[in-house]
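There are 4 protein chains.
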Amino acid sequence: MDLRIGVIGTGAIGRDHIQRINGITSGAKVSAISDINSEAGKLLASEIGATFFAEGEDLIASDIVDAVLVTSWDPTHEKYVLEAIKHNKYVFCEKPLAVEIDGCRRIVDAEIKAGKKLVQVGFMRRYDRGYEELKAMVDSKELGEVLMLHCAHRNPSVDESYDTPMAVENTAVHEIDVLRWLLQEDYVSAEVKLPKQTSYTHENLHDPQFIILETESGIQIDIEVFVNCQFGYDIKCAVVCEKGEVALSDPSYTTLKTKGKDSTKVSSDWKDRFVTAYDREFQLWVDSVRAENITGPSAWDGYVASVTTTACSKARDTGTKVEITLEACPDFYKK
Amino acid sequence: MDLRIGVIGTGAIGRDHIQRINGITSGAKVSAISDINSEAGKLLASEIGATFFAEGEDLIASDIVDAVLVTSWDPTHEKYVLEAIKHNKYVFCEKPLAVEIDGCRRIVDAEIKAGKKLVQVGFMRRYDRGYEELKAMVDSKELGEVLMLHCAHRNPSVDESYDTPMAVENTAVHEIDVLRWLLQEDYVSAEVKLPKQTSYTHENLHDPQFIILETESGIQIDIEVFVNCQFGYDIKCAVVCEKGEVALSDPSYTTLKTKGKDSTKVSSDWKDRFVTAYDREFQLWVDSVRAENITGPSAWDGYVASVTTTACSKARDTGTKVEITLEACPDFYKK
Amino acid sequence: MDLRIGVIGTGAIGRDHIQRINGITSGAKVSAISDINSEAGKLLASEIGATFFAEGEDLIASDIVDAVLVTSWDPTHEKYVLEAIKHNKYVFCEKPLAVEIDGCRRIVDAEIKAGKKLVQVGFMRRYDRGYEELKAMVDSKELGEVLMLHCAHRNPSVDESYDTPMAVENTAVHEIDVLRWLLQEDYVSAEVKLPKQTSYTHENLHDPQFIILETESGIQIDIEVFVNCQFGYDIKCAVVCEKGEVALSDPSYTTLKTKGKDSTKVSSDWKDRFVTAYDREFQLWVDSVRAENITGPSAWDGYVASVTTTACSKARDTGTKVEITLEACPDFYKK
Amino acid sequence: MDLRIGVIGTGAIGRDHIQRINGITSGAKVSAISDINSEAGKLLASEIGATFFAEGEDLIASDIVDAVLVTSWDPTHEKYVLEAIKHNKYVFCEKPLAVEIDGCRRIVDAEIKAGKKLVQVGFMRRYDRGYEELKAMVDSKELGEVLMLHCAHRNPSVDESYDTPMAVENTAVHEIDVLRWLLQEDYVSAEVKLPKQTSYTHENLHDPQFIILETESGIQIDIEVFVNCQFGYDIKCAVVCEKGEVALSDPSYTTLKTKGKDSTKVSSDWKDRFVTAYDREFQLWVDSVRAENITGPSAWDGYVASVTTTACSKARDTGTKVEITLEACPDFYKK
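Which chain is which? The protein sequence lines are F, H, Y and W, in order. Once you know that position 13 of the first sequence is 13 in the UniProt record's numbering, the rest is easy, because the numbers rise by one and skip nothing. Once you know that position 114 of the second sequence is 114 in the UniProt record's numbering, the rest is easy, because the numbers rise by one and skip nothing. Once you know that position 33 of the third sequence is 33 in the UniProt record's numbering, the rest is easy, because the numbers rise by one and skip nothing. Once you know that position 255 of the fourth sequence is 255 in the UniProt record's numbering, the rest is easy, because the numbers rise by one and skip nothing.
Keep in mind that the hints are not guaranteed to be accurate.
As the list claims (entries may be wrong) - A few chain Y residues that don't get close to chain H, going by computed Cβ distances all over 12 angstroms:
1) I13
2) E94
3) I112
4) V158
5) D262
6) V266
7) T325
8) C329
9) K334
Said to hold, decoys possible - Reference listing, derived: stretches of chain H covered by chain W, where coverage requires no fewer than 3 residues with Cβ under 8 angstroms from a Cβ of chain W:
10) 84-90
11) 172-180
In short, the hints are calculated from the structure, not lab data. Values in this document were obtained by computation on a predicted structure and should not be read as measured data. Backbone N, C-alpha and C fix where the C-beta goes; we use that ideal spot for every residue, glycine too.
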């Protein structure tokens with residue numbers, strides 16, 4: 001029997017995931033959808049043979065929904081996740097888990113109180129084959145201890161709605177989660193530098209930005225965030241260890257020699273670069289929900305990401321190095 | 001409603017596909033299996049919740065089977081495919097379609113007579129992203145006409161059961177199918193050269209071999225087949241065109257600098273290299289069967305592969321260039 | 001008539017340059033040498049057919065010496081360079097020009113007073129084909145303005161005599177000169193961070209270090225200095241511009257596939273990596289001296305390097321961001 | 001005292017070498033030149049401070065000439081080389097040594113009779129760092145025995161004077177020499193195939209061509225010669241061994257990411273690709289002449305190249321596989 005998933009929020013990312021679940025994922029089907037735009041929601045529901053719910057809460061409560069996918073407007077994430085926990089249903093929430101640290105904390109507390117891990121946050125990079133290879137190398141200690149990480153997160157361009165804080169909150173947040181997972185260490189400080197700007201940016205955005213994080217053991221991480229780089233979607237992560245360096249590469253399937261150049265393609269956008277990671281993320285989430293044992297990014301991971309992005313934002317606004325302090329990870333979230 | 005697939009033959013490749021269908025493919029489930037080894041077959045059937053049939057013919061006839069997957073012993077492929085056609089059921093047959101040209105022809109004739117395309121042959125390279133990029137480049141004519149192809153098909157090692165003819169029939173047959181698809185041209189001649197042998201080969205195998213094919217328009221293809229290359233599974237395909245060269249690369253996800261070397265991994269085996277192609281092949285087959293419009297490698301493609309491998313074998317045995325003549329492709333198989 | 005060069009200081013680097021001048025460089029010969037070790041110096045002189053001088057000052061004054069090469073102990077550089085200026089002779093001085101800012105300044109003042117450019121400092125990276133290609137790309141503005149540079153300077157290992165300050169003074173000084181030449185901008189601030197240390201370092205050396213420089217126009221430069229990286233000699237310089245990134249690569253002449261890896265060699269040391277740059281540096285210096293028009297790194301460049309390394313050292317010692325202020329470049333040194 | 005070189009023939013390649021000797025090579029100067037065009041020759045002589053000789057024979061005989069460089073019209077090579085041998089002078093002759101096998105043989109016989117190795121042929125690839133690395137790997141036996149070589153020799157374009165035979169005689173001749181040196185084996189057969197032609201060729205040239213050579217031990221070599229490939233000057237040499245593959249790469253000094261591509265430059269022409277090899281070839285020739293012990297490509301190598309190209313031409317004209325038979329290498333030419 002397929003897992004019946006209810007999807008709240010059917011914008012671009014929601015529709016993408018609906019297609020993924022119905023067309024590529026084994027063992028799951030979208031049984032219900034909800035959207036603030038009733039008309040569009042109903043139309044989509046009829047197209048894919050799902051039931052439409054005007055209210056997300058009703059979808060969550062419905063007995064035709066085994067698990068919930070939250071892809072709605074960011075400020076609504078918290079309430080839907082809390083509602084799912086209340087109904088003891090598994091819930092996959094696209095980042096951010098909540099828009100403020102406190103909201104994330106409320107989810108953590110509710111989940112601990114419910115006594116069962118139900119929440120997974122949509123940090124898909126952990127499912128990318130490149131990051132998995134990096135982690136296997138780090139874990140093997142073949143290169144000794146990790147000392148530094150040099151990272152970049154580059155988008156070809158962003159529109160006017162993307163402002164300075166989003167470089168941290170929407171963009172670097174992916175590095176913030178995946179590098180903490182890679183290193184299995186928390187961050188202790190954050191700094192943000194503002195280099196010379198590209199003329200391709202707009203009034204409300206300082207682009208590029210340069211973030212420096214330090215971990216508990218002293219590993220130093222630098223992350224260039226450059227969201228109007230023009231040339232493509234380019235993700236770098238070089239892990240400098242005592243005996244060598246292992247670095248992410250943008251996989252290429254063909255090489256082309258023409259007009260005096262020997263070239264490979266640069267990914268055009270995040271979908272192109274991470275489509276396989278998204279597919280695996282959902283297949284493994286569905287499998288783990290059916291096995292009643294979810295293992296992906298937890299509510300605690302979502303909370304820590306929120307604490308860290310908040311520190312980065314403060315560092316950027318004050319031009320200072322900001323300490324990051326976290327209470328101890330609750331036993332509930334330790335493997 | 002999921003497509004219910006009956007699998008005939010549950011050896012290594014059969015079990016691999018069963019896992020794929022049940023664990024990764026959307027919209028399909030294995031409902032029935034058959035194997036000459038009843039005990040093992042029954043055990044597997046109970047494990048995956050499928051019905052066991054002692055006879056493949058009974059599986060094909062059963063109304064709990066919507067479509068058939070043939071992964072049995074090569075000499076039995078023909079009869080099961082013919083039986084599936086008789087029952088008007090879609091059938092996916094791992095290569096070879098039949099062990100002799102005549103057997104392939106009988107399948108072609110039966111399918112034409114049945115009046116519906118039901119047969120797909122397991123040439124999975126057409127679903128590899130690298131070959132797809134090569135084809136897009138060739139089709140675009142951006143580099144002008146194709147003039148030559150330089151290819152290699154290398155396995156780390158083979159056991160004693162792998163003999164000289166298998167270099168063509170089991171190994172180069174993948175190139176024979178995918179390059180014909182890539183170029184949309186048939187072959188007109190074949191030659192096989194026998195270079196200096198590796199000391200890692202065994203008595204019954206001349207390794208490496210070097211195949212030269214010529215197409216209708218004069219494109220020359222060379223294929224090195226080297227199945228004891230020791231270092232990994234390595235597939236090359238460089239398409240030399242009038243204005244440039246586009247070549248397959250072995251995608252790498254990380255690069256490693258240590259001990260004086262900057263390296264990437266070479267694939268270890270065909271599963272490692274083509275796992276994504278297999279996954280896509282099955283998803284698209286399931287989708288196309290459900291849409292009643294299969295588009296993958298046809299019985300005619302299986303027949304042409306057989307004619308071509310037979311010519312290569314003759315060329316190798318006689319040390320001469322052998323002409324390849326084919327009747328015109330029946331309208332039935334033209335798009 | 002060949003240029004007759006007198007060499008002061010015949011340690012490892014001195015002997016290397018003597019071989020280069022006598023064996024590879026066109027239009028020059030070593031006519032005289034001087035070294036504090038008279039015995040070794042005399043022996044070498046007789047081997048290469050040169051005249052030995054016990055005192056560097058006498059060598060400089062001799063009429064068998066057209067131009068002087070200073071490769072002696074660092075603290076003696078200043079006096080020999082000043083002496084050469086006094087005798088109106090061209091002088092090539094290995095870095096540093098002088099051990100303190102004041103010494104560099106005295107040389108600058110003496111040269112200006114002498115009224116003729118006579119001094120060249122041994123910053124050979126400007127002669128590396130890779131850096132030349134970077135500069136051509138920057139100068140072309142094809143990628144728009146430069147925004148950031150990400151650099152690394154890695155040595156396989158250093159011995160106990162190499163201490164913390166040397167990471168800046170002996171190692172990063174190469175980047176400090178070549179990046180200023182690349183960007184044609186001076187630095188305005190320096191910071192040094194001290195990441196987690198490698199266990200391969202020793203008591204007197206913090207390794208690695210991470211330097212951040214800012215230029216007049218706001219370009220931000222980060223330089224990882226890691227001198228016990230174990231795996232090879234590895235130089236990185238990625239120039240991030242508004243429309244793309246151009247980066248140095250370690251040229252490789254062959255690729256090797258064996259044992260599951262596809263690899264190229266990493267340079268083993270600076271000689272291996274920059275030998276061609278050294279050869280070109282000397283050929284062009286000899287040519288330019290003969291043409292009476294030297295164009296390489298000037299005394300002013302040596303002075304600016306000294307000001308910058310001093311600022312970096314202060315930044316490291318104080319853990320703060322240190323401003324770098326320079327008087328205006330004298331007209332004498334402007335092209 | 002510099003080696004005084006007399007240059008016969010001052011066309012493009014002659015002038016290039018004159019610049020190299022006078023501007024880059026240590027220990028040599030052009031003292032004399034000769035050219036059939038007296039006016040241009042005299043002008044050049046006065047520019048570089050050399051003596052002009054109307055007759056090459058007079059230049060060879062002159063006591064201001066220590067060694068001779070023959071870069072004249074191909075059909076005159078033989079007589080000048082023989083003349084140099086007669087005068088017991090070292091002579092460097094650009095390929096071909098002579099236009100016919102017999103001419104090469106006459107030089108071999110004359111040199112043996114003279115009793116001293118005086119002749120070097122201008123096969124510069126042996127001095128390329130890439131080929132040297134290939135040879136070191138082959139010689140080390142680290143990858144076991146060599147089994148096959150896959151090569152390509154591609155030029156961006158050729159003019160109408162370049163006809164079908166030149167693909168072998170002027171182009172593949174470089175591979176013919178360097179691969180024999182690499183493998184230390186002679187060839188036993190040659191075949192030439194004529195694939196589909198590029199529309200960028202002209203009436204008198206079949207382009208591309210595909211040459212297959214076999215060596216004494218059975219190593220099979222394929223060489224694609226494609227002289228209107230449009231995209232650059234591209235040299236490939238992949239050495240397939242029992243345990244791995246080592247292949248030439250076109251060294252790149254920078255990588256560029258822009259407009260959706262990650263690219264390196266392809267060499268534009270043979271000068272760009274092999275300039276360092278030419279420089280080293282001349283430096284080592286000068287050094288070896290001064291040491292009275294030349295070690296580069298010998299007259300015998302020139303003779304064997306001629307025998308092999310003649311066999312290839314016959315193979316191409318007859319469409320058959322042609323055996324190559326050589327008398328034993330005279331002891332005189334064995335190391």
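Quick rundown of the hints versus the structure:
1. Look at I13 (chain Y): its CB is around 24 angstroms from the nearest CB on chain H, clear of 12 angstroms, so calling it non-interface holds up.
2. Residue-level check passed: E94 (chain Y) sits 27 angstroms from the nearest beta carbon of chain H, beyond 12 angstroms.
3. Against the 12 angstroms criterion, I112 (chain Y) stays outside the reach of chain H, whose nearest CB is about 46 angstroms from its own CB.
4. For V158 (chain Y), the shortest C-beta to C-beta distance to chain H comes to about 17 angstroms, beyond the 12 angstroms cut-off, and the non-interface label holds.
5. Distance to chain H contradicts D262 (chain Y) as a non-interface residue, since its nearest Cβ pair spans about 5 angstroms, not more than 12 angstroms.
6. Not every Cβ of chain H is farther than 12 angstroms from the Cβ of V266 (chain Y); the closest lies at roughly 5 angstroms, contradicting the non-interface assignment.
7. Even its closest Cβ contact with chain H, about 38 angstroms, leaves T325 (chain Y) beyond 12 angstroms, as expected for a residue assigned away from the interface.
8. No beta-carbon of chain H is positioned within 12 angstroms of the beta-carbon of C329 (chain Y); the least distance is around 39 angstroms.
9. Taking the minimum C-beta to C-beta distance to chain H, about 41 angstroms, the non-interface status of K334 (chain Y) holds against the 12 angstroms cut.
10. Given as covered by chain W, the segment 84-90 of chain H fails the check, having 0 residues with a CB less than 8 angstroms from a CB of that chain where 3 are the minimum.
11. Chain W is given as covering the segment 172-180 of chain H, and this is violated because 0 residues of the stretch bring a CB closer than 8 angstroms to a CB of that chain, at least three being needed.
Comparing the model with each numbered hint stated earlier shows that hints 5, 6, 10, 11 do not hold.
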